[in-house]
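Start from the sequences and build out the full structure, keeping to the hints where you can.
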Amino acid sequence: MNKELTKNLASGHSACAGCAFPTIVRTILGESDVPVVISNATGCLEVTSTLYPYTAWKVPYIHNAFENAAATISGVERAYKILKKKGKIKKEIKFVTFAGDGGTYDIGFQSLSGALERGHNFLYVCYDNGGYMNTGNQRSSATPFGAATETTPSGKMSFGKMEVRKNLMDIAAAHGVPYAAQANVAYLPDLKKKARKALETEGPTFLLVFSPCTNNWKFPTSQFVSIAKLATETNFWPLYEIEKGKYKINWATEKPKPVEEFLKTQGRFKHLFSEKNKPVIGQIQKMVDAEFRRLASLVE
Amino acid sequence: MYKNMTKNSKKLALTGGYAAAEALKQINPDVMAVYPITPQTPIIEVFSKFKSDGEVDTEVIHVESEHSAISACVGSSAAGARTVTATSSQGLALMNEILYIASGLRRPILMLVSARALAAPLNIHGDHSDVMGARDSGWVQIFCSTPQEVYDKTIVGMKLAEKVKLPVMVIMDGFNTSHSVENMEILEKEAVQKFVGEYSPEKYLLDIDNPVTFGPVALQNSYFEFRKDLSDAFDTVEGELEKIYEEYGHISGRSYKKIEKYKLEDAEKILVAMGSVGGTIKDAIDKLREDGEKVGLLEISLFRPFPYEEVKKALKDTKEVIVLDRNLAFGTKQVLASEISHSIGKKVKSVVYGLGGRDTFQKQIMDLVKGDNQSGYLL
Numbered sequence: 000m001n002k003e004l005t006k007n008l009a010s011g012h013s014a015c016a017g018c019a020f021p022t023i024v025r026t027i028l029g030e031s032d033v034p035v036v037i038s039n040a041t042g043c044l045e046v047t048s049t050l051y052p053y054t055a056w057k058v059p060y061i062h063n064a065f066e067n068a069a070a071t072i073s074g075v076e077r078a079y080k081i082l083k084k085k086g087k088i089k090k091e092i093k094f095v096t097f098a099g100d101g102g103t104y105d106i107g108f109q110s111l112s113g114a115l116e117r118g119h120n121f122l123y124v125c126y127d128n129g130g131y132m133n134t135g136n137q138r139s140s141a142t143p144f145g146a147a148t149e150t151t152p153s154g155k156m157s158f159g160k161m162e163v164r165k166n167l168m169d170i171a172a173a174h175g176v177p178y179a180a181q182a183n184v185a186y187l188p189d190l191k192k193k194a195r196k197a198l199e200t201e202g203p204t205f206l207l208v209f210s211p212c213t214n215n216w217k218f219p220t221s222q223f224v225s226i227a228k229l230a231t232e233t234n235f236w237p238l239y240e241i242e243k244g245k246y247k248i249n250w251a252t253e254k255p256k257p258v259e260e261f262l263k264t265q266g267r268f269k270h271l272f273s274e275k276n277k278p279v280i281g282q283i284q285k286m287v288d289a290e291f292r293r294l295a296s297l298v299e
Numbered sequence: 000m001y002k003n004m005t006k007n008s009k010k011l012a013l014t015g016g017y018a019a020a021e022a023l024k025q026i027n028p029d030v031m032a033v034y035p036i037t038p039q040t041p042i043i044e045v046f047s048k049f050k051s052d053g054e055v056d057t058e059v060i061h062v063e064s065e066h067s068a069i070s071a072c073v074g075s076s077a078a079g080a081r082t083v084t085a086t087s088s089q090g091l092a093l094m095n096e097i098l099y100i101a102s103g104l105r106r107p108i109l110m111l112v113s114a115r116a117l118a119a120p121l122n123i124h125g126d127h128s129d130v131m132g133a134r135d136s137g138w139v140q141i142f143c144s145t146p147q148e149v150y151d152k153t154i155v156g157m158k159l160a161e162k163v164k165l166p167v168m169v170i171m172d173g174f175n176t177s178h179s180v181e182n183m184e185i186l187e188k189e190a191v192q193k194f195v196g197e198y199s200p201e202k203y204l205l206d207i208d209n210p211v212t213f214g215p216v217a218l219q220n221s222y223f224e225f226r227k228d229l230s231d232a233f234d235t236v237e238g239e240l241e242k243i244y245e246e247y248g249h250i251s252g253r254s255y256k257k258i259e260k261y262k263l264e265d266a267e268k269i270l271v272a273m274g275s276v277g278g279t280i281k282d283a284i285d286k287l288r289e290d291g292e293k294v295g296l297l298e299i300s301l302f303r304p305f306p307y308e309e310v311k312k313a314l315k316d317t318k319e320v321i322v323l324d325r326n327l328a329f330g331t332k333q334v335l336a337s338e339i340s341h342s343i344g345k346k347v348k349s350v351v352y353g354l355g356g357r358d359t360f361q362k363q364i365m366d367l368v369k370g371d372n373q374s375g376y377l378l
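Sequence lines, in order, name chains A and B.
Start counting the first sequence at 0; every next residue gets the next number (numbering that gives the first Met the number 0).
Start counting the second sequence at 0; every next residue gets the next number (numbering that gives the first Met the number 0).
Treat the hints loosely; a few may be bogus.
Straight-line distance between alpha carbons at most 25 Å, and here's what the computed DSS-like set of lysine-lysine pairs gives [as the list claims (entries may be wrong)]:
1. A:K87 to B:K315
2. B:K293 to B:K348
3. A:K84 to B:K48
4. A:K83 to B:K193
5. A:K85 to B:K256
6. A:K85 to B:K193
7. A:K80 to B:K50
8. B:K188 to A:K84
9. B:K24 to A:K85
10. B:K202 to A:K84
11. B:K48 to A:K80
12. A:K84 to B:K193
13. A:K85 to B:K162
14. A:K85 to B:K164
15. A:K87 to B:K50
16. A:K89 to B:K293
17. A:K84 to B:K50
18. A:K87 to B:K24
19. A:K83 to B:K50
20. B:K24 to A:K84
21. B:K162 to A:K83
22. B:K202 to A:K80
23. A:K80 to B:K193
24. B:K202 to A:K6
25. A:K83 to B:K24
26. B:K348 to A:K80
27. A:K87 to B:K164
28. B:K293 to A:K87
29. B:K48 to A:K85
30. A:K80 to B:K188
31. A:K80 to B:K164
32. B:K293 to A:K85
Quick look at which bits of chain A chain B covers, simulated, 3 or more residues with Cβ under 8 Å [as the list claims (entries may be wrong)]:
33. 42 to 54
34. 84 to 97
35. 109 to 118
Only part of the chain A face toward chain B is listed, based on derived beta-carbon distances under 8 Å [as the list claims (entries may be wrong)]:
36. I61
37. A70
38. I81
Hints listed in this document are in silico derivations from the structure and should not be mistaken for laboratory results.
These figures come from a predicted structure and were not determined experimentally.
The C-beta atom is built at its ideal place from N, Cα and C for all residues, glycine as well.
Rendered as structure tokens:
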């Protein structure tokens with residue numbers, strides 16, 4: 000494999016073929032011009048990259064537990080601050096946390112909020128695959144409305160998850176962080192730009208990255224980029240950033256594709272195409288349109 | 000036993016909490032991550048004032064929960080920084096998950112605990128329910144019975160943690176010790192600094208030229224060995240602690256042991272206890288001895304690892320052993336009583352006292368020794 004590409008995260012990890020996060024991790028870390036230290040929440044990325052006695056990490060890495068990746072990096076970052084002041088550490092180092100949506104939206108929510116509020120100098124990256132994929136596809140508060148998971152299965156009385164996703168971007172921004180951005184693995188130049196900006200910004204920064212899961216969204220491994228692309232082309236996952244409170248949409252089209260185009264590519268939405276559930280697709284379309292309008296209204 | 004080698008040691012009247020903060024100030028750790036909880040708060044308040052007045056260099060991280068406090072400590076320690084924290088009760092219970100990770104990752108974190116009752120019902124006063132809940136989490140546990148001991152064992156605990164690469168809890172009784180003022184003696188900062196020495200970890204995250212992965216997944220083929228290694232590390236603690244106490248005796252003039260004996264030589268009845276109740280028991284013993292009762296006290300200072308051999312030796316010739324637990328174990332024998340019983344290979348008389356800050360009086364101890372209280376409780 001390309002040596003430059005794998006200089007931080009090596010090949011040989013055991014992530015699924017067609018998984019998005021190796022690309023996300025490599026792309027983001029590739030934008031740091033100085034050494035990085037990583038903290039990682041329990042999840043797919045952690046278990047597939049650190050199976051003892053092997054590690055795919057060529058950079059210093061710590062996994063503590065599921066809900067505390069942000070608290071852990073808080074300790075690392077402050078240790079750096081004091082040891083640098085004392086002259087024990089000389090080099091410039093950047094700190095990056097990776098966590099899935101379960102470790103960010105749900106169980107790690109408080110830890111993230113605390114770290115953002117305290118203003119640690121670090122980048123928090125949430126790779127959002129919309130559920131607890133490491134434990135076999137259970138719903139999280141990031142799971143999209145209408146998606147079937149093992150804990151929100153579709154059935155006679157249910158069309159899947161009945162609640163709307165938590166808006167984590169606005170919550171992160173409400174902490175007054177200098178930079179937060181929503182990105183997508185299918186748009187690497189945009190992701191690179193955002194990663195660089197986040198890494199170069201002093202203080203806590205936040206990236207929410209769309210990360211398709213072949214196994215539990217149920218699509219062929221070759222399709223993760225094209226499906227991710229459809230998420231943005233349908234406005235299901237707009238690319239935008241919030242810089243010092245100012246919203247900017249990074250990709251838009253006059254004619255977004257119908258959300259159905261995105262939904263029909265994945266097994267988790269298959270049940271929505273039955274006669275009974277068809278209205279749910281209309282509902283999702285309305286939600287997507289409303290959210291995009293809201294977002295557009297926030298842009299000055 | 001030892002002569003005080005420090006010329007400028009100071010006599011002060013301090014609470015246990017303040018004594019802990021004073022010791023921490025003199026250690027001047029790199030990082031302290033903390034969250035407030037009664038009765039631990041005086042420690043972090045006093046320390047934060049030291050920070051505000053520029054008396055310490057420590058990075059104090061005021062986190063949003065005890066779970067994050069210990070999580071940040073694991074991060075800081077793995078990064079290569081000398082790391083401390085403090086907590087009590089619900090806070091220690093909330094930390095529970097990460098206590099195991101701190102020891103599993105062999106992080107030499109020092110934690111001061113003002114031991115307090117656990118809810119429900121809610122109670123902010125002293126007992127040992129919290130620390131007993133953490134007794135098998137892979138942390139060394141050292142009990143203190145006075146503010147002087149808190150000061151001394153905080154310094155000793157820091158050195159021990161880094162020597163044996165295990166996290167250490169230094170435990171004082173909430174309120175009884177943490178908020179009680181006692182005349183005590185502190186060392187010069189330089190003497191403490193020299194005693195604890197420079198912390199230089201072998202492997203740490205900020206050593207970016209030698210990247211390490213902390214906290215990997217270990218499955219059926221290796222997990223067992225990791226846990227056994229951790230268990231084996233506990234075998235080194237007693238020996239190292241003895242050496243460190245010896246060394247500390249030379250600079251402080253104060254001598255400490257894993258267990259402390261009071262009038263045991265000819266004792267036919269021996270009380271066994273931990274923490275602040277020791278003072279009350281000693282007074283009771285003095286009175287009982289005036290009446291001809293041959294009674295003594297064995298105080299357990301090192302609770303994890305448990306010093307079975309020393310305890311066995313100390314109790315071998317006595318007729319009756321009465322063990323006082325400041326914790327109620329449910330559906331089983333009391334914790335300290337079980338340990339003592341295991342040490343000497345015979346039954347002991349087990350008594351629970353002091354839950355939720357309930358006072359323990361001299362007379363209760365005297366009645367207990369005389370056999371007038373067979374209830375199993377000092378209610």
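Right, here's what the structure says about each hint:
{"no.": "1", "hint": "A:K87 to B:K315", "verdict": "violated, 52 Å"}
{"no.": "2", "hint": "B:K293 to B:K348", "verdict": "holds, 17 Å"}
{"no.": "3", "hint": "A:K84 to B:K48", "verdict": "holds, 20 Å"}
{"no.": "4", "hint": "A:K83 to B:K193", "verdict": "holds, 22 Å"}
{"no.": "5", "hint": "A:K85 to B:K256", "verdict": "violated, 35 Å"}
{"no.": "6", "hint": "A:K85 to B:K193", "verdict": "holds, 17 Å"}
{"no.": "7", "hint": "A:K80 to B:K50", "verdict": "holds, 15 Å"}
{"no.": "8", "hint": "B:K188 to A:K84", "verdict": "holds, 21 Å"}
{"no.": "9", "hint": "B:K24 to A:K85", "verdict": "holds, 17 Å"}
{"no.": "10", "hint": "B:K202 to A:K84", "verdict": "holds, 20 Å"}
{"no.": "11", "hint": "B:K48 to A:K80", "verdict": "holds, 20 Å"}
{"no.": "12", "hint": "A:K84 to B:K193", "verdict": "holds, 21 Å"}
{"no.": "13", "hint": "A:K85 to B:K162", "verdict": "holds, 22 Å"}
{"no.": "14", "hint": "A:K85 to B:K164", "verdict": "holds, 23 Å"}
{"no.": "15", "hint": "A:K87 to B:K50", "verdict": "holds, 21 Å"}
{"no.": "16", "hint": "A:K89 to B:K293", "verdict": "violated, 64 Å"}
{"no.": "17", "hint": "A:K84 to B:K50", "verdict": "holds, 15 Å"}
{"no.": "18", "hint": "A:K87 to B:K24", "verdict": "holds, 20 Å"}
{"no.": "19", "hint": "A:K83 to B:K50", "verdict": "holds, 18 Å"}
{"no.": "20", "hint": "B:K24 to A:K84", "verdict": "holds, 18 Å"}
{"no.": "21", "hint": "B:K162 to A:K83", "verdict": "holds, 24 Å"}
{"no.": "22", "hint": "B:K202 to A:K80", "verdict": "holds, 18 Å"}
{"no.": "23", "hint": "A:K80 to B:K193", "verdict": "holds, 24 Å"}
{"no.": "24", "hint": "B:K202 to A:K6", "verdict": "holds, 21 Å"}
{"no.": "25", "hint": "A:K83 to B:K24", "verdict": "holds, 20 Å"}
{"no.": "26", "hint": "B:K348 to A:K80", "verdict": "violated, 53 Å"}
{"no.": "27", "hint": "A:K87 to B:K164", "verdict": "holds, 21 Å"}
{"no.": "28", "hint": "B:K293 to A:K87", "verdict": "violated, 58 Å"}
{"no.": "29", "hint": "B:K48 to A:K85", "verdict": "holds, 21 Å"}
{"no.": "30", "hint": "A:K80 to B:K188", "verdict": "holds, 24 Å"}
{"no.": "31", "hint": "A:K80 to B:K164", "verdict": "holds, 23 Å"}
{"no.": "32", "hint": "B:K293 to A:K85", "verdict": "violated, 57 Å"}
{"no.": "33", "hint": "42 to 54", "verdict": "holds (count 7)"}
{"no.": "34", "hint": "84 to 97", "verdict": "holds (count 6)"}
{"no.": "35", "hint": "109 to 118", "verdict": "holds (count 6)"}
{"no.": "36", "hint": "I61", "verdict": "holds, 4 Å"}
{"no.": "37", "hint": "A70", "verdict": "holds, 4 Å"}
{"no.": "38", "hint": "I81", "verdict": "holds, 5 Å"}
This entry does not satisfy hints 1, 5, 16, 26, 28 and 32, going by the numbered hints stated previously.
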